[in-house]
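Those protein sequences? They're chains A and B, same order as listed. 1 is the number of the first residue of the first sequence in the numbering used here; add one for each residue after it. 1001 is the number of the first residue of the second sequence in the numbering used here; add one for each residue after it.
These are computed hints drawn from the structure, not numbers from a lab. In this text, all values refer to a predicted model and were calculated from it rather than measured experimentally. Worth double-checking, as some hints may not be accurate.
To be verified - Derived SDA-like pairs: lysine to any residue, alpha-carbon spacing no greater than 25 angstroms straight-line:
#: 1; chain 1: B; residue 1: K1128; chain 2: A; residue 2: I52
#: 2; chain 1: B; residue 1: K1125; chain 2: A; residue 2: P244
#: 3; chain 1: B; residue 1: K1089; chain 2: A; residue 2: I381
#: 4; chain 1: B; residue 1: K1089; chain 2: A; residue 2: A264
#: 5; chain 1: B; residue 1: K1089; chain 2: B; residue 2: V1131
#: 6; chain 1: B; residue 1: K1125; chain 2: A; residue 2: F104
#: 7; chain 1: B; residue 1: K1089; chain 2: A; residue 2: T48
#: 8; chain 1: B; residue 1: K1119; chain 2: A; residue 2: F377
#: 9; chain 1: A; residue 1: K193; chain 2: A; residue 2: Q14
#: 10; chain 1: B; residue 1: K1125; chain 2: A; residue 2: K193
#: 11; chain 1: B; residue 1: K1039; chain 2: A; residue 2: V318
#: 12; chain 1: B; residue 1: K1128; chain 2: A; residue 2: G371
#: 13; chain 1: B; residue 1: K1119; chain 2: A; residue 2: K193
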Amino acid sequence: MTETRPASPPHPSQRSLGRLDWFVFLVADVQTGFGPFVAVYLTTQHWTQIDIGLVLTVAGLVSLFGQIPGGALIDAVRSERVVAAIGVSMIAAAALIYATFPIFPAVLLAATMQAAASCVVGPAIAAISLGLVGHAAIGERFGRNARFASIGAGLSAGVMGAVGYFLSAQAVFFVTAALLIPALFVLHGIDPKEIDPERAHGNLSEEPAGKPRADLRSLLRQRPLLVFGCCILLFHFANAAMLPLMGSVLTTRLSQLAPVLIAACIVGPQLVVALFSPWVGRQTQRWGRRPLLIAGFAVLPIRGFLFAVVTDPYLLVVVQLLDGLTAGIFNVMVPLTVADLTRGTGRFNLTQGVVGTMMGVGAALSPTFAGYLSDTFGSPIAFAGLAAIAVVGLATVGLLMPETRPAQSPADAEASGRRKRPSAAGCRSSSS
Amino acid sequence: MCKRLAIVLLTMAFAIVAAAAQTTPTEGVGTPSVTVLDKQEVQGILGRDVRSTADENMGRIVDVLVDGAGTARAAIIDFGGFLGVGSRKIAVDWKALHFVPAAEKRYGIVLELTRDQVKPAPEYKEGKPIVVLGASGNLETLP
């Protein structure tokens, strides 16, 4: 690598971009089996509730405190592909351990491995995306990532639900582990020469290589980043408990159909995200980030309020589709805003880790808060409480969060112009 | 200094005596008596599927509550949900459960309640009063 590099605009091949689509899809598939389903599986393996709780707590703590080191690791390495490959292999190995050795030490190890690997794989996907397409086209790329992740999560929830029901809970983890092979295959197909490691870390390609990375403390003291972190915390605080609480409400109202409707509540919003997020990705350039962020946040209190007042189970499923709108926006806006705020710092992935930690804190507070309200005052008040937190988040975004869309540099404009995309022409005319 | 040493010595002495007390009875009496249970007669129940009399899926047994005398009072079943989302833990009266021995053709655990009777029951939570769903669908709070 030379000391000063030419300002080469990114020119990823269709093959690499297509393989990245598939990799995002397969990683989402692999992750579906972990989550609440682990508790169900361990129960079938004669585990006590205390041991299950312990394993889940350890995994939760690892995934919370692993975010920042995971991001720092991605910023430090030169090949995001290799790290992503190791990460998915660890997750698949964890699934295999779950399926074959459901004994305490092995499962504890597997849960830790899966949580730690997830802290690396998520940022690695975002880094590969940024390294491939560069800042100018990243909004659209994150839109595509969100689409394929949702198709993967929705489809595999359906398939794994069926596998768990008709075969066994154990079979779900064998299916998960088997998905490693196609995942590694498509990852191998992404051309490493097209992933610019400097760009993947959030540096601008026209800057000289080897530029020292931004000072961490000054980066984290940036006001927009702190505001954004708080918004994400509030978002997950308001959002994380809604679906489980609603599922629990459905279970009390319907006897036979509840599992089917809960399945619809999981899969339905994913379909909405799949349809909607690429459009969000394109609009981020045209409209800017702020209007979309506000729109995404505005849907959340409406959903909470409707959950509090709607009693018809079928209508609840329809209301849950609103989750797809919020998720469609946030799945694009979170990595995109971080990419905006860390342009030229070389700390894109570490900052993703910081925001991911805030997300984890919010998601951890949510069930405790909602559970307390629901036990004491009933589920409508719990939903109203979550909606109230969403209103606080909406106010925070509306009053404090600045627009983060950068003014386009000539190199970026040239880059987006080269690919002759209609949206690129649109964004240039609006922002220059 | 001397005092601390004395405490340490005393503690060690106690530990040795306690260890001796633990090992002596087994050595004196010999091996404890064993009973061989027929696998067709008994079964482990943790994590096992529960069906209703109408053969509906009623979830799985995740815990058993016993009183001071060791008598089983209630079983906690994890009921409903999809892929672990929306499932609820419900305490059902031990007497409402029937254990069909493994020797039978259709063995398993049968709960004398329907899904409609179980679904509105309050959730079992640690640190909360335990409300048990009886065989006739009535709710009873355990002291």
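Okay, the hints, checked on the actual structure:
1. Under the criterion of a C-alpha separation no larger than 25 angstroms, the hint pairing K1128/B with I52/A is consistent with the structure, at around 20 angstroms.
2. The hinted pair formed by K1125/B and P244/A meets the criterion: a straight-line CA distance of about 16 angstroms does not exceed 25 angstroms.
3. Proposed proximity of K1089/B and I381/A is supported: the alpha carbons are some 21 angstroms apart, at most 25 angstroms.
4. For the proposed pair K1089/B and A264/A, the alpha carbon gap of about 22 angstroms is at most 25 angstroms, so the pair holds.
5. Simply put, K1089/B and V1131/B have alpha-carbon atoms about 11 angstroms apart, close enough for the 25 angstroms limit, and the pair holds.
6. Distance restraint check for K1125/B and F104/A: the Cα-Cα separation of roughly 24 angstroms lies within the 25 angstroms cut-off, and the hinted pair is therefore satisfied.
7. Proposed proximity of K1089/B and T48/A is supported: the alpha carbons are some 13 angstroms apart, at most 25 angstroms.
8. This hinted pair checks out: K1119/B and F377/A have alpha carbons roughly 19 angstroms apart, not beyond 25 angstroms.
9. With a C-alpha separation of about 14 angstroms, the suggested pair K193/A and Q14/A falls inside the 25 angstroms cut-off, and the hint holds.
10. Between K1125/B and K193/A the alpha-carbon distance is near 55 angstroms, which puts this suggested pair outside the 25 angstroms criterion.
11. Restraint check for K1039/B and V318/A: the C-alpha separation of about 49 angstroms exceeds 25 angstroms, so the hint is violated.
12. Between K1128/B and G371/A the alpha-carbon distance is near 12 angstroms, which keeps this suggested pair within the 25 angstroms criterion.
13. Distance check on the hinted pair: K1119/B and K193/A sit about 57 angstroms apart at the alpha-carbon level, beyond 25 angstroms; violated.
The structure does not agree with the numbered hints 10, 11, 13 stated previously, though it agrees with the rest.
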